[in-house]
Structures are given as structure tokens and as C-alpha cells.
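**Student:** Residue strings, one per chain:
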Amino acid sequence: MSNLPLSIFFADVITIGIGYTTIFLLASLGEIYAEKSGVLNLSLEGIMSMGAFFGYSFAILFNNPYFGLLGGILAGLLLGIIFAYISITLGVNQVLAGLSIWLVGIGISDFLYTLTFGRSMFLLTAPTLKNVPIPYLSDLPVIGKMFFDHTIIDYTAYILVPVLWYFLYKTKTGLKIISVGENPRAADSVGINVNKVRYATVLFGSIMSGLSGSYIALTVGLYQVGIIAGRGWISIGIAAFSGLNPAYGLLGSLLFGLISALGPSFMIIGYKIPYEFLDITPFLALIVVVMLISKRMRMPSGHGQPYKRE
Amino acid sequence: MRYMLKETKSDLVVDILIYLMAFLLAIALGAFLIWFLLKINPFSALSIIVSSSLFTPIGLSSTFEYLVPLTLISLGLAISYRAKYWNIGADGQLIFGAIFTMQAIFSVKNYVIWPGLAILFVLIMGILGGALYGLIPAVLKAKLNVNEVLSTLMLNFIAIYFMTWLVDVTGPWKDPYAAELESYPIPYKFYLENPLILLSIIIISIFLIYLLAEKTPFGRYLKILGSSKNTADYIGLNKTLTYIYLGLISGALSGLAGALQILSISHILSSDFDSIYLGYLSIFSTWLSALNPLYVVFSSLLMSVLITGGYFMAGIAGVSQLFIYYFEGVTFVSIIVFQALKHRFKKVIKNE
Chain C
1 MSNLPLSIFF ADVITIGIGY TTIFLLASLG EIYAEKSGVL NLSLEGIMSM GAFFGYSFAI
61 LFNNPYFGLL GGILAGLLLG IIFAYISITL GVNQVLAGLS IWLVGIGISD FLYTLTFGRS
121 MFLLTAPTLK NVPIPYLSDL PVIGKMFFDH TIIDYTAYIL VPVLWYFLYK TKTGLKIISV
181 GENPRAADSV GINVNKVRYA TVLFGSIMSG LSGSYIALTV GLYQVGIIAG RGWISIGIAA
241 FSGLNPAYGL LGSLLFGLIS ALGPSFMIIG YKIPYEFLDI TPFLALIVVV MLISKRMRMP
301 SGHGQPYKRE
Chain F
1001 MRYMLKETKS DLVVDILIYL MAFLLAIALG AFLIWFLLKI NPFSALSIIV SSSLFTPIGL
1061 SSTFEYLVPL TLISLGLAIS YRAKYWNIGA DGQLIFGAIF TMQAIFSVKN YVIWPGLAIL
1121 FVLIMGILGG ALYGLIPAVL KAKLNVNEVL STLMLNFIAI YFMTWLVDVT GPWKDPYAAE
1181 LESYPIPYKF YLENPLILLS IIIISIFLIY LLAEKTPFGR YLKILGSSKN TADYIGLNKT
1241 LTYIYLGLIS GALSGLAGAL QILSISHILS SDFDSIYLGY LSIFSTWLSA LNPLYVVFSS
1301 LLMSVLITGG YFMAGIAGVS QLFIYYFEGV TFVSIIVFQA LKHRFKKVIK NE
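Sequences listed follow chains C and F, in order.
1 is the number of the first residue of the first sequence in my numbering; add one for each residue after it.
1001 is the number of the first residue of the second sequence in my numbering; add one for each residue after it.
Mixed in with the good hints there might be a few duds.
[What the hints assert, rightly or not] Using 30 Å as the maximum straight-line C-alpha spacing, the simulated DSBU-like pairs for lysine-lysine come out as follows: (1) F:K1229 <-> C:K308; (2) C:K295 <-> F:K1084; (3) C:K176 <-> C:K295.
[Unchecked claim] Short, incomplete list of chain F residues facing chain C, as computed with Cβ under 8 Å: (4) F1055; (5) I1058; (6) F1106; (7) L1144; (8) N1145; (9) F1218; (10) I1276; (11) Y1280; (12) W1287; (13) S1320; (14) V1330; (15) F1332; (16) I1336; (17) L1341.
[Stated by the list, open to error] Now the stretches of chain C that chain F is said to cover, found in silico as 3 or more residues with beta-carbon under 8 Å: (18) 25-39; (19) 93-100; (20) 107-115; (21) 139-146; (22) 159-172; (23) 224-236.
In case anyone wonders, no lab produced these hints; they're calculated from the structure.
Backbone N, C-alpha and C fix where the C-beta goes; we use that ideal spot for every residue, glycine too.
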């Protein structure tokens, strides 16, 4: 192999990887907040699928990708409210509630797609999100194209990391969230409305994953059945890997974003590996990573427990 | 746990009434889209589901086909969930059971003297495959404290992709004459289609798991571990071993389900071998059974009726088979909502 494909390969891995990172980052940041307040939201995959479908169809209907993002947010909000009602107000087991919303999300989006746009003779493409190069920085050789020529959502996701970190650890509201996750009863006794805080974080998380789903659809301008392909589950894994710290969430998203980019990059340079092995890698890597850090990993004490006043 | 024990003692008639209401709501919601788009009203949808899945020969056999794996998997999950061991990796274990079964069949198919023995061997290999795959998350949890929800989920994806590779064009098992991603079919002598044998396998499994859960010290440990980890530590319970046994048992049952899927239904391994996600569906039937091994068969029957009926409804309405995911999701949401609201409903019903 000459030098050329290798350098192309690395450039591809990073450019594609940053796009993948955004997907994981948006969803896992939201999940980190939800889990920090004690709610394990397993429905991410379904919410993202719904977000992708809403994003795709809104973008086509309004002929504007930014309306598509709005659609993703709307989808997240819609399913998030149902999940929050079941798991928080009704106090149903969170694993069960998450799995059923996952099925609903996957089901509605795939089913609606086959009923509507999927019936069309032609593949309808939605307008895609345009790259917004950052002036001057994007003109830098090599790295300019890699890092400073992405869509507005990419930039937003990276900016959100320090913002959400600061909000969680340095503001009063953030500490409220942490206390609700650690000890809901104590939080309640000092006058914090536990379920209200949890509703807020879960809805925020759902909106973020809806956005992430619409981003997936709007970067390629397409929707297809099973478009999320497990990336919602990986985002949940990244949230666990991060120890519910947004900063480590970025680290995990980058790691898995780059790992996920290996597959498409190998395909671009025409290297022959069965694609299933490439698809497996993020999942395998997640297990290995979680194994390695599991000794240090600690979840909030109230994690996974519905809260009932007595 | 306390809540659940209370539930099982409650008034059976009221319970059934509540389930019926949930069921009706679910079907109304499930049929809503179809009704909205294709003008089939919910009541005829209900009659389609029940009559097609239970009162037509083809529907009945399809219902039975789902009943077997759902019951087997749910039995393993029921005892796991008693100990709050959230194994949601039944799909991966089912697939690895199927993979081991196929490998065993390919290895011994030329040396079969007595088919019964060969089938038994193949089934045992399937059980082994599932059990080994179920062992991984259990060891990870027991030794490294890795959250089992996460690890079993990831293992599901790994199993699905591995299976897809096996039957893909570059994989070793791809049948070159098949258009789809399919393996070579298994020889006819390995077919196990007698419903009586399948039924007896279910009944024996239910009986064994019931004995294990209710009549042995192990079953008591599970309840203790599920209700309080501190108590379990206090009485000196070996948590490591308990998780490992649970991983092995639930994995073995899923593996058996996978082996039976190959021998009795699909006869091939294909990329959409588990496209309906039997493992995830079993989580719901497990939950509906209130974690009681004796009720598992009824909740699995309900689930099978829903699946078969959903397929029929999709067929009649002329919509995609993907309808089934939507329908299932909506059904579970309304059932768990009704379950959670049960005590409120009970007050209303009893006052009248």
C-alpha cells in the first residue's frame, strides 16, 4: 500500500468520526443528565429513530433542514413525555418502561415511513444540513477541513459539553439534580420536587436524543428502516462509561465515534474486511472498556429507583 | 417484591377485568393508525386478532411457534428478575444457541445412526451455546461489577452481527444458491416438528423451573437477593455463584429456544432469524407473569396471540409487517400503564 491511501484513511476516520461523535455526544449528554437524576432511560434508540423520521419528513415538507431539527426535537419531546409519565409518575420499572418506549419509537417511525415516503417510487431525499466553515480556521492546512468545516449541530454539541458540565457541577440547579439522584428522600425533605426535577432531566435527555436522531437523517438526507443501527444503545453505554460526567462523555463519544468511523473508512479505501466485523467493533469495544473501568464506576444511589412519597 | 406478593393474592376477577381493559385499549391504540389510514375499526381489529390467531389452523400453528420460545426464555428471565439480575440478553443467547446447534448439525450429519440420539445431542449443544453466552455477563457482573443491562445489550448486537457474518456472502455457511442471506438447510432427519414433543419440553421446563424457584434453597436465595442485597450479604449468601447459576440457567433456556427454532421452524440460519426480537418480547411476557413460572405460559400465550394477530392484521390491511413493532410497543405501554394504575382502578371497580 502506498502512502496515499493511508493518509486518506486517517483523514477519513477523523472527518467521519467527528460526525459520529456528534451523534453519540448529543444522545449521551442527555442520557447523562437523566441518569444523574436517577432515571435510566433505555428508550434512546426508539427516540432517535422517531427523531430521524420526524427530522426527515419535516425537512421534506418544509424543504428546510432546520425544520427537520425542529421535528427531531418534537419527536423527542413526544416520546419523552410518555416515558417520563410511565417511569416517574406511575413508577413503573425503568428497564421495562424504556424497552417498551423503544419498541414504540422504532415501530411508529419505521411503520409510518413504509406507509408514507417508503411507498414512493423514487427515493425522496431531504435537504441536508449544510457545512458551515468557520472563517480563517477552516483555511488551515489539513486540520482546517477536519475540524472546522462541519454543520452547526456539530459545533453546538461540542460547545454544550463545557456548558452542561458547568451547569451540572457549579450551579444550584445542577446540584439539585445530583442530590435528587443520590438521595431522593433527603432532597424531598429539603423541599426539592423530586419528580419535577426528574421530568426536566428526562425531557431534556429525550429532546437531545431526538435531535441526535434527526441529525443522523439530515446529514445523509435519507431515512431507512433500522437507520439508527444500535447507536442509541451505544450512547447509553457511553453515558455509563463516562461515570455520568459530561467531560468524560465527550471522551467516550470521541472514542466510539472514531471506532465507528473505522468501518466506512475501510470501505472508502477499498480494504476488504467483512463489514459485520467492523460493525461489531464499537459494541465489543464498549464491553471491554466498561470491564476495564468497572472498578471505578459508581452510579448515583437513587439510580433506577422510582421515587414515591410516603 | 412486596408489592408483587400482594398482587398475586388479589382478586382474580378484578385482575382479569383490568387486563381485558388494557388489552382493549391497546388494540384500540394499535389499530388507531390502521383505522386512521385504512378505516378498519378497532372492534373488527380485535376480532381479527383473536379469531385469526386461535381459530384458524395456520394461525394456531403460528401462535404455537411463538409460544414455545417465548415460554422457555421467559422462564429463565423470571428467576433472573426475581434476583434483580436484569438479563436482557436473551436474543444473543438464543442466537448462540442456534449457532451451536447448526455447527453441531453440520459436524455430525454424516454419522447419524439413530436420529433421536442425534437430535438430543444437537439440542444439548444448543443449550450449551446459550448457557456459555449467558455466562459472560454473569461473570462480568459477579467478578467485575459490570452492569448486566449494558453488557447483555452489547452481547446481543455482537451475536446478531456474528450470525449475519456467518450467513453473509463472505461467511462460511452461506448457501450459494439462496438469494437471501441464508445458511445451508439442515438435513430432514434433524427436523423436530412434532407439537407433542415441543409441548412436553415446555411442560418439563416449567415444572423444573417451578421446583427450582419455589421448593429449593436456591429459589429462596433468589428472593432474598432480589429484595435486599444487604440481607443477602448478612446471611452469607454467595452472590457470585448465584449470578453465575442464573446466567447459565437463563442462557441455557434461551439456547434451547434457539435450537428448537432451528429444528422445528426455520431449518436454516438466516440474517432475519430473530428479526422479531423474541428475547426482548420475552421480557414483557416475563413481567406480565408477575415472575411466577406457572403463569409464564399464559402471558407467553397472550404475547403469541398478539404477534400472530398483529401479522394477520397487517396482512389484511395490506400494510408492512413492521406494523407488528408498533403494535407490540403500544400494547406493552398500555398494559404496564394499566398495571401501574391497577390499585386505583380496583377502588373504582369495588365501589360500584
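**Student:** Quick check: do three or more residues in the region 139-146 of chain C have a beta carbon closer than 8 Å to a beta carbon of chain F?
**Tutor:** Result for this restraint: violated, n = 0.
**Student:** Would you mind confirming whether the straight-line C-alpha gap from K176 (chain C) to K295 (chain C) stays at or under 30 Å?
**Tutor:** Holds, at roughly 27 Å.
**Student:** Can you verify the interface hint for I1058 (chain F): is its Cβ closer than 8 Å to any Cβ in chain C?
**Tutor:** 24 Å, violated
**Student:** For the restraint on F1055 (chain F), tell me whether the closest CB of chain C is nearer than 8 Å.
**Tutor:** Violated: closest Cβ of chain C sits about 26 Å from F1055 (chain F), beyond 8 Å.
**Student:** With the threshold set at 30 Å, check whether the alpha-carbon distance from K295 (chain C) to K1084 (chain F) stays at or below it.
**Tutor:** 20 Å, holds
**Student:** Is the interface hint for F1218 (chain F) satisfied, with its Cβ closer than 8 Å to some Cβ of chain C?
**Tutor:** 23 Å, violated
**Student:** So, L1341 (chain F) near chain C? Judge it on the closest CB pair being under 8 Å.
**Tutor:** Nearest chain C Cβ about 7 Å off; hint holds.
**Student:** Do at least three Cβ atoms from the region 107-115 of chain C come closer than 8 Å to Cβ atoms of chain F?
**Tutor:** holds (count 7)
**Student:** Under 8 Å, Cβ to Cβ, is where I1336 (chain F) needs to be relative to chain C, so tell me if that hint holds or is violated.
**Tutor:** With Cβ-Cβ at 5 Å, under 8 Å, it holds.
**Student:** Using the nearest Cβ pair, does I1276 (chain F) come within less than 8 Å of chain C?
**Tutor:** At about 11 Å, which exceeds the 8 Å cut-off, the nearest Cβ of chain C leaves the hint on I1276 (chain F) violated.
**Student:** Mind taking a look at whether chain F covers the region 159-172 of chain C? Criterion is 3 or more residues with CB to CB distance under 8 Å.
**Tutor:** Coverage by chain F is violated here, the residue count being 0 at a Cβ distance below 8 Å.
**Student:** For the hint on V1330 (chain F), just tell me whether its beta-carbon gets within less than 8 Å of chain C.
**Tutor:** 6 Å, holds
Taken one by one, the earlier hints fail for this structure at numbers 4, 5, 6, 9, 10, 18, 21, 22, listed in ascending order.
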